[in-house]
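Those protein sequence lines, which keep their order, are chains A and B. Residue numbers for the first sequence follow this note's numbering, beginning at 1 and rising by one. Residue numbers for the second sequence follow this note's numbering, beginning at 687 and rising by one.
FYI, nobody ran anything at the bench for these hints, they're computed from the structure. Ideal Cβ positions, reconstructed from N, Cα and C, are used throughout, including at glycine. Worth double-checking, as some hints may not be accurate.
Unchecked claim - Think about it this way: if two alpha-carbon atoms lie no more than 20 Å apart in a straight line, the pair counts; the simulated PhoX-like pairs of lysine-lysine are:
1) Lys1371(B) with Lys624(A)
2) Lys879(B) with Lys412(A)
3) Lys1082(B) with Lys210(A)
4) Lys244(A) with Lys896(B)
5) Lys624(A) with Lys1098(B)
6) Lys244(A) with Lys271(A)
7) Lys545(A) with Lys519(A)
8) Lys92(A) with Lys210(A)
9) Lys193(A) with Lys1231(B)
10) Lys1044(B) with Lys1231(B)
11) Lys615(A) with Lys547(A)
12) Lys1098(B) with Lys1082(B)
13) Lys396(A) with Lys412(A)
14) Lys685(A) with Lys1310(B)
15) Lys1205(B) with Lys1231(B)
16) Lys685(A) with Lys624(A)
17) Lys1371(B) with Lys685(A)
18) Lys930(B) with Lys210(A)
19) Lys1050(B) with Lys1082(B)
20) Lys193(A) with Lys210(A)
21) Lys624(A) with Lys678(A)
22) Lys678(A) with Lys358(A)
Unchecked claim - Not everything, but these chain B residues come out facing chain A in the computed CB check (under 8 Å):
23) Ala1010
24) Ser1322
25) Ala1343
There are 2 protein chains.
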Amino acid sequence: PDDWTDLDTRAVDTIRVLAADAVENCGSGHPGTAMSLAPTAYTLFQRVMRHDPADAEWPARDRFILSCGHSSLTLYIQLFLAGYGLEVEDLKQLRKWDSKTPGHPEYRHTTGVETTTGPLGQGLANAVGMAMAARRERGLLDPDAAPGESIFDHHVYVLASDGDIEEGVTSEASSIAGRQELGNLVVIYDDNKISIEDDTNIALSEDTAKRYESYGWHVQVVDGGEDVVALTEAIENAKAETTKPSFILLRTVIGYPAPNKMNTGAAHGAKLGTDEVAAVKKALDFDPEQTFQVDDEVLAHTRQAVDRGKTARAEWQAKFDEWAAANPERKALADRLSTRALPAGWADALPSWDADEKGMATRKASGAVLNAIGDALPELWGGSADLAESNNTIIKNAESFGPESSSTGMFKANPYGRNLHFGVREHAMGSILNGIALHGGTRPYGATFLIFSDYMRPAVRLAALMKAPVIYVWTHDSIGLGEDGPTHQPIEQLSTLRAIPGLNVVRPADANETAVAWKAVLEDIHAPSGLCLTRQNVPVLEGSKEKAPEGVARGGYVLADFGDTNDDHVVLIGTGSEVQLAVEAAKTLAQQGIAARVVSMPCVEWFDAQDQEYKDSVIPPSVKARVAVEAGIAQSWYRFVGDAGEIVGIEHFGASADFQTLYREFGITAEAVVDAAKRSVANTKA
Amino acid sequence: PDDWTDLDTRAVDTIRVLAADAVENCGSGHPGTAMSLAPTAYTLFQRVMRHDPADAEWPARDRFILSCGHSSLTLYIQLFLAGYGLEVEDLKQLRKWDSKTPGHPEYRHTTGVETTTGPLGQGLANAVGMAMAARRERGLLDPDAAPGESIFDHHVYVLASDGDIEEGVTSEASSIAGRQELGNLVVIYDDNKISIEDDTNIALSEDTAKRYESYGWHVQVVDGGEDVVALTEAIENAKAETTKPSFILLRTVIGYPAPNKMNTGAAHGAKLGTDEVAAVKKALDFDPEQTFQVDDEVLAHTRQAVDRGKTARAEWQAKFDEWAAANPERKALADRLSTRALPAGWADALPSWDADEKGMATRKASGAVLNAIGDALPELWGGSADLAESNNTIIKNAESFGPESSSTGMFKANPYGRNLHFGVREHAMGSILNGIALHGGTRPYGATFLIFSDYMRPAVRLAALMKAPVIYVWTHDSIGLGEDGPTHQPIEQLSTLRAIPGLNVVRPADANETAVAWKAVLEDIHAPSGLCLTRQNVPVLEGSKEKAPEGVARGGYVLADFGDTNDDHVVLIGTGSEVQLAVEAAKTLAQQGIAARVVSMPCVEWFDAQDQEYKDSVIPPSVKARVAVEAGIAQSWYRFVGDAGEIVGIEHFGASADFQTLYREFGITAEAVVDAAKRSVANTKA
C-alpha cells in the first residue's frame, strides 16, 4: 500500500523472528504459520480492524478469530505489538504453566482473545455466530440506521487453515453463512498446502474456492502471503460486498523465509532448530546472536495502535452518546444486555401447572415457557437443527432470522428476526451458539434430539471450557422416543454430558420443573446448560408446583415422603420421566412397610454445588438403602447410591417400538424400582 | 427405458401405496420420501444393481446404502419386492417391537441391510468407506485384472437426502472421495426441497451440484424423480466414469402423488391420514378400501430378481472358480478374510520388552506393534486424521492408499496402497472405518488424539451398535499431552467412551500391555475397540512382560502385591500412565505398614466380562480399602472403589504446561495415591 513504510516491513519481519524465537525458547510449538501469516495478521491489526487495545471488550470492535488456534503466536504477537498488555516476557512464557500465552488461545484468559480455538473448525463456525449476533444486536438496538451507518456495525475477521477447511463443522457453518448472507464476515484461508502429514495433496484435492462459491460466498484469490497490496485490496473488496460473506484464499509459504524448512511439514509443529532460526534472522537482517529482538522504533510504531484505538473509540463514543440520547429505551436495553442482567419481574410470566395425571411432555412445557417469556426477554433467541416442531422451540409471535429471500410458506424471515433455522447441522449449531454467546449480551438456544448432542459435542465442551452461557434444548431424551429406534434413543448421553466439567445437565421431571429449569439456566450466566426433555407425556407431579421453584434450582430436592417413619427407609432418586416411577414405587413400598422418600434430581451439578447440610437433608447419610432410576446407563449414579444401593437403568442400546413396550421390556418400571428398593434394604442388612 | 412395461409402472405405484399404508398402519413414520423415491429405488434394485436376494452377503454384490435412514420403507419395500425374505406381514409390523422392520434400517438385523442408518450423513460416509474397501480388496486379491474386469469389481449406490447433504460428516467424506477418485461410488441426492422444517430454502441456499464439482466429483442433474429414462441414463453415465465418484442430483417431489400433502413438510415424518391415503390410491388406480394391496402379477414380476440374482451369481461363480484355480494363495487369503480368521502364528511377531524405568510412550510401542505384524496381516490397514507421525500409525514398508496423483514428497501413493490419510476429518474417518469394516474382511484402524474422539463420536457409537470390528488409535490420552493445553487434553473422554455400550476402551499401562492390547482387539471381531495411548514415555513395568499376556485380555489383573499380608490391605487400581504411580505408591505404603496390591485395569469392559471368581481374585470383596487412579474424571470408577474407596482423578479442564507440571499441580502423583490409600483404610475403620 502507498503508506507502507520500511518500518512496517521491519515490524512484519520482527513477527517472524519472534515466532521462531518463542517456539525455540519453549522447545515446542508452531512457528511456521505465525511466520508466513505475519504480513496478514499485521495488516489486520495495524491497518484494517477497528479496535481499541485499551478496551478489548468495546462492543463495536471488529472481531478477530484465529481459527487455526495452534498458530497462537499469530495472535499473541499482534496483541503484544498493538499494546493489549502482552510483553516480550509473555512470549518467553509461551506454553508454560500459568502464563498469559498458553498453547492455544483461551477466551478471556488473555486479553484480546475472542474465543478459545485449537479444535479445528470451531473458530470459523464461532465467527459465523458472531456475525449473526452482530446483525441481531443491530436489529435490537439500531434497526433503522442505513447499511454501514450504525454504531453497532462491525466486521468479523477469521484466519483459517487447511485443517479448518477440512473439518465438517466448517462446511456446515459456511453453508449457513451463505444462506444468511453475512456481509460482515471475512474469512482468510491460509492455503499453505502443508499440514502435519506434509503436503496436503495426499488428502486434499478439492477446489476450495469453488466450494465457497457454491455456498454463495464472495470469493477472491490472493497469490502470495507477502503481497500486502493485493491482500489489502481483497479485504477492501470484501468489506464492499455487504450481502455475502467473503472468502479470501491466500496462497502462502509456511515458515517463510526459513531457508531449509519453509514449505515443509517440518515448519508446522516443531521448533526450527538453532541453525535454521539463525538463518531466518540473517535473511531478515536481524542479529543471529540475539533472541526476542524488537527494535524500539518498531514497537513505538506498532503501539500507535493504542492512539488510533483511542481516537476511533472517541469518535464512536460521540455517535453512541448521540444515539443514546435519541433512543433512551434502546440504550437501557443495551446496558442491560451488556451485563446479561435479566429484567425485573421477567419471571412473573413463567407458567405453572396443577398436578395432573395426564400431564404433558416436558418439551411441550418448554415451548410454553419460551413463548411466555419471549416478550420479556428480547435477548433470548434460537432455533433448531431442523426439528423445530419436535423440539417446540419456535417463538410464535416472532419472525425468522434471515434475509427476506429465505422466507418460506411456513416461516417469514427478516434480517433481524429471532427464530433460527440451522438445517440438519448440529455441530455448526453448537459452534454458532458459542459465537453468539461470546459476541455479546444476547442469549442463544439451540435444539435437537438428545441423541444428536453427540454430533455437537466438541462445541458443547468448548462452551463449558469458556463458560459461555449457551442453552441447549435436547428433547426426546430417552427410549421414550419410541419407534425411531436405537439410532435415535439416548442411552449413555445423560451420563456422558454430566461428564463434561462445567456443563449443567438439567432433566426436569414434569412441566413445573421445566419452567423452573428455564428460569435457573437463564439465571446462570457463567455456564452452558442443557435441558433434557421428554417426547412423551409425563404427569404433572403432586407437589412439584410448590416445591420445584426452590428444589430445581438446588439440583435435587425431596419431592415427597411416603410411609411410616418407624419402618425401614429407602431413598428413591429419579430424574425426568422416571420420577413418576419413583413416586409410584414409593407408594407401593409404603404399603408394604418400607418408608420411601422420592428425591427428584433434575441437575446433579447444581445439587453438587449445595452445602453438605442441604445435601444430607435430601439424602440422609444414615439411609443406606437407595435406588436411582433413570432410563440410561448407571454410570453417573453409583456415587449417589453407594455400596448398598441399586440402580434401575439400561446398559444396552435401545430398540424400535412404542415407548410403553420399551419401558416394560427394558425393565424401567415402578415394579423394578420396588424390587430394587427391597434388594437395597436387604443389602443394608447383609 | 425401452424395456419398461406397465407392470413396472404398477410395481412403482405399488411401492407408493405400500409406503402410505405402512405408515398409516403404524401410526407414525416417514411416507413421503418412500413414495417419491419409488421409481429410483425400484430402478436400482430391479434394473441396475448386481445382487442376489438369496445371498445378501455375496461379496461381489453391489452395495445399496440408504443414507436417509428415516425413509426405511424405501429399503424394506425393495427387499420385499426383490425377495430378500421380507413379506407384507413384515411391512405391517413397521416400527414395532421385535419386527424385521424397525424405524431405521439396522445392519444385519434385516437381511439385505448393509449398514445402520438414521443419524444423518453416516450412510454416505459409510459408502465412501465401502468404495475404498472394494478397491483395497481388489488390490489384495486381484490387482492385475484390467479395469472393470475383476470379479471383485462392484459399485456402491447411495440414496441421500438434504439432511445428509447438510451434515458436515458428508462434506468431509465427499472431499475424501474426490481425492480418492472413487469411480465405484454413485450417490443419488434426493433433492426434494423439503425437510422437517418444511421448505429447505429457510436453511439451505447452496449450489450443491457445484459443491460436489468442487470436490472433484462427476455431477449430473436429473430433473424429475419420475423420469426413469433420464435417471437410468445418468446411472449409466456414472458407471462409465471410472475415475471420479458420481453425484446425481435428482429433483423429486416428496409425497408424490398425494394430492394435498405432496411437496410439503407434512409428507415427511407423519402419516398422511385416511383421506389422503385414499386419494393416493385413487390417483394410482388402487382400491381405496384395500390396504397393502400387491397384485400377484406385480410380485411375480419383481421376484424375478431372485432368478436374475441366481444367474448373475452363477456367471460370477464360474469366473471366481477360474480365478481361484489360477490364484491359490489369493484364494486362501480371500477365504481367510471372509471369516476374519487371523493366520496361524501371526502373534509370534508381537514384540515384548524387558522392564525398564525409562520405558517408552505407548503410542510408540503401538507403532512398533503395527510394523511388526503388518506383513502377517495384510487385512490390517488404516491411518490418521493428519496426525500420522504423532499417532505412530504408518506401516513403514507400505505405500499410501490413493491415486498416484495424490503422491507427495513424503508419501508415495497407489490405488491399492495401505496407509490412509484422512486429512483433518475425524468424523468422516470414523464413518469410513465403519464402511470398510462392514464391507468385508479387512480390518481398518483410524487414529487421532483422544480428545478428538469427540469429533467422531456418532460414528463410534454406530460401530458399537453394529458390532463393527473397527480399531481406533487414540493417542495423547491425558494431560500428559502437555503444552497444547485444555482444548487438547482429554479429561472426561475415558469415562464417556466407556459409557458407550459395546465399545472396548483399552488403556495399556506400558509397552507390553500395548502389544497384548493390539492382539486382544484384533481377536475381537465382534466389537469396536479404542486404544488409548500416551504421548509421554512410561516405564516398562516390572512384571508386565510375564503377566500382561493373560492379564490384559482379562481386562484387569494383579500386576504386583507389596507389603506384609498381616498389615492392613489396600487395592490400588490404575490404568495407562497412572499404573506407574500405583506401583510407586504401593512400595511406599508397604514400607509404611499397609499392604498394597496394584491392579492394572486396561479394559473395564473385558474385566466386567470375566466370571465373578476371577474378578474377586483380583479385587477381593473383603478388601474395602481401594483407590482408583486415572488422569481423568472419576465417573467410571465409583463402582469399583465403593463407599470406602477414594479416587485420584481430575474433575476440571486441563491447562497448558509441560506434563510433569500438570501432573504435580493437578495432584496426580504417587503421594496423592498414598494419601488416598490411607484415607481409604481409615474409611474402612470409621
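Structure-based check of all given hints:
| no. | hint | in the structure |
| --- | --- | --- |
| 1 | Lys1371(B) with Lys624(A) | holds, 17 Å |
| 2 | Lys879(B) with Lys412(A) | holds, 17 Å |
| 3 | Lys1082(B) with Lys210(A) | violated, 36 Å |
| 4 | Lys244(A) with Lys896(B) | holds, 17 Å |
| 5 | Lys624(A) with Lys1098(B) | violated, 64 Å |
| 6 | Lys244(A) with Lys271(A) | violated, 39 Å |
| 7 | Lys545(A) with Lys519(A) | holds, 14 Å |
| 8 | Lys92(A) with Lys210(A) | violated, 41 Å |
| 9 | Lys193(A) with Lys1231(B) | violated, 44 Å |
| 10 | Lys1044(B) with Lys1231(B) | holds, 15 Å |
| 11 | Lys615(A) with Lys547(A) | holds, 16 Å |
| 12 | Lys1098(B) with Lys1082(B) | holds, 11 Å |
| 13 | Lys396(A) with Lys412(A) | holds, 11 Å |
| 14 | Lys685(A) with Lys1310(B) | holds, 17 Å |
| 15 | Lys1205(B) with Lys1231(B) | holds, 14 Å |
| 16 | Lys685(A) with Lys624(A) | holds, 10 Å |
| 17 | Lys1371(B) with Lys685(A) | holds, 18 Å |
| 18 | Lys930(B) with Lys210(A) | holds, 17 Å |
| 19 | Lys1050(B) with Lys1082(B) | holds, 13 Å |
| 20 | Lys193(A) with Lys210(A) | holds, 17 Å |
| 21 | Lys624(A) with Lys678(A) | holds, 12 Å |
| 22 | Lys678(A) with Lys358(A) | violated, 29 Å |
| 23 | Ala1010 | violated, 35 Å |
| 24 | Ser1322 | holds, 6 Å |
| 25 | Ala1343 | holds, 4 Å |
Consistency with the previously given hints fails for numbers 3, 5, 6, 8, 9, 22 and 23, ordered from lowest to highest.
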